[in-house]
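Read off the chains here:
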Amino acid sequence: MLAFTIRRLIQSIGVMLVVSLIAFVMFRFVGDPVDQMVGLETTIEEREILREQLGLNDATPVQFLRFVGNAIQGDFGVSYQFKRPVATILGERMPATLELAFVSAILALVAGIPMGVYTALRRESVLSKLFLMISLIGVSLPTFLIGILFIFLFAVVFQILPSFGRGEIVDLGWWRTGLLTSSGLKALILPSITLALFQMTLIMRLVRSEMLEVLRTDYIKFCQARGLRSRSVNFGHALKNTLVPVITIAGLQIGSLIAFAIITETVFQWPGMGLLFLQAVQNVDIPIMAAYLLLIAFLFVMINMAVDMLYVVVDPRIRIGGGEE
Amino acid sequence: MTDTPLLSVRDLVVQFPTRKGVLTAVDGVSFDIKRGEVLGVVGESGAGKSMTGAAIIGLIEPPGRIASGQVLLDGERIDNLSVSQMRRVRGKKVGMVFQDPLTSLNPLYTVAQQLVETVRTHLPLSEKQAREHALALLDEVGIPAAKRRMDDYPHQFSGGMRQRVVIALALAAEPELVIADEPTTALDVSVQAQIIDVLKRLCSERGAAVMLITHDMGVIAETADRVAVMYAGRVAEIGPVRDVVQHAKHPYTQGLMGSIPTLAHDSDRLVQIHGSMPRLTDIPPGCAFNPRCAHAFDRCRQDRPSPIQTGERAVACWLADQEVGQ
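Residue numbers (this note's numbering), protein chains in the order written: chain Z, 1 to 325; chain W, 1001 to 1326.
Some clues are possibly wrong.
[Unchecked claim] No more than 30 Å apart at the CA atoms, straight line, and that leaves these computed lysine-lysine pairs for DSSO-like:
| id | chain 1 | residue 1 | chain 2 | residue 2 |
| --- | --- | --- | --- | --- |
| 1 | Z | Lys240 | W | Lys1092 |
| 2 | Z | Lys129 | W | Lys1020 |
| 3 | W | Lys1034 | Z | Lys221 |
| 4 | W | Lys1200 | W | Lys1128 |
| 5 | W | Lys1147 | Z | Lys83 |
| 6 | Z | Lys240 | Z | Lys221 |
| 7 | W | Lys1200 | Z | Lys240 |
| 8 | W | Lys1147 | Z | Lys240 |
| 9 | Z | Lys240 | W | Lys1128 |
| 10 | W | Lys1128 | W | Lys1092 |
| 11 | W | Lys1200 | W | Lys1092 |
| 12 | Z | Lys83 | Z | Lys240 |
| 13 | Z | Lys129 | W | Lys1200 |
| 14 | W | Lys1092 | W | Lys1020 |
| 15 | Z | Lys129 | Z | Lys221 |
| 16 | W | Lys1200 | W | Lys1147 |
| 17 | W | Lys1020 | Z | Lys240 |
| 18 | W | Lys1034 | Z | Lys83 |
| 19 | W | Lys1034 | W | Lys1128 |
| 20 | W | Lys1200 | W | Lys1034 |
| 21 | W | Lys1147 | W | Lys1128 |
Please keep in mind that the hints were generated in silico from the structure rather than gathered at the bench.
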């Protein structure tokens, strides 16, 4: 178990180094950073001094190492647009995105898993067919369209929910949350459902197909042949086996919830990292883009590791290696 | 004890509706099993052996269903019970051992967990008592160091050991009948005999009857009290094992017996039944075996023979009918 953890940790560090190389290359070679920082009237001598100060004349590997070293300490440089440290700006925006992604993930799991189980167990029922139809819509309609539809329905026609922003924010010092005020919670409803819908239908379809697979196995038939209660067969034996592969996909999906919140954040003007990233792209704000790239990569790597660990906890075949006699 | 047989199957018909029409997998099968008796059921793959077993315990996969006939346990019908009533019969009165021990056990629970759950579903025991019961069972089926190994997961056991665990699970609630569906087919030849031994010993100690489904005539000859030979969804011949093995009446049974290699008779070639069993979609009119039968005559190609009872034996063959008539 320890060896396994260490091996995964080393792999993760490798991945992070590759991603930071890409971020660094973007930083260094997409346009000249000096040009971005100074005005037109700056002389060549002044530019050279700035170059020297910024360490841009050092050998490329040295620059890369310095970049990684700074990144580890949370120093991603200064944003071109806002003239403030990137780390501070991201720190302000992160709670909004994480809260949105977290609530969406919970929604997707809490609704997706039971719907998947239900449609697998009651294949012929009307409700199952309805769920499957809804899921088809959820998978095929693009997120921005669903978002705009929601805004039209609930904000324009019925006027019961706000169409943009986070509502009232409570500042906890290290975290600015919208979960503690009623307007904050109200503002969260539409974006989180929009973001969750695709994942929910994906999880539902995944749980359904895995569950149907498991229900056909010999050990489930043997459970039935032993007269175990159907609740125990369906949930104790079948669902637990279903969840092993579902954990992997669901974990990766949570990563993409955070990464692809961009569209939802744009539609609802949600002041999170996604919206910030999109603004950075429009303004060629490379420090923010690089930092965002690194942050998302870091989140993915962490989630992947957590998923692997969870796998070990759930599946004894991985936890306890083969003890074949 | 009354004369009511423990299990009585009457004109059982199992059908599968398909796009090409209704397939009849089991076609009018009747037999009895007495208390403590071992009935061997032999036949080729697709003869309806396993389907008959699944029908008795009520686990035919939809869209398959029992189209007609009755299954009586202790004189009471069990083929028309509700789901929850049938659940109480399974495990408690009728146990089942499946073919492949590698896939019969849930990989995510320890052997002890699976046993304890099964025991506690049917018997009013505490967690601790159920664990003791489980340990005793594992000891009985011959798991070495059962106390230490009962908290291991199925993947930590070998195939033979897993099949012992499966037998322990099937017998956990002391059923009166055990249906063993090819319990040794997936195992190494070297452990097959051991598993049959364990199954036979445990059932006879408990007075449980066994329906042993196999295509191994050797196992039947050694283990069973009576044998039913199935062909194309019907019982071709049924009777005491000694009579059927030594004086087979149905040409198909004779063919089966001829195909067993023996050490006693040093024959050069084994007898072979020509052709193969018809598919369910094109069972010939008359006796299903007639195209492969060396003794077939006109009547065999027109009328379908029903089992004709003589003493303890029944044979579904017009040849036997002539014998009786004479």
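Which numbered hints does this structure break? 5, 7, 12, 13, 14, 17, 18, 19
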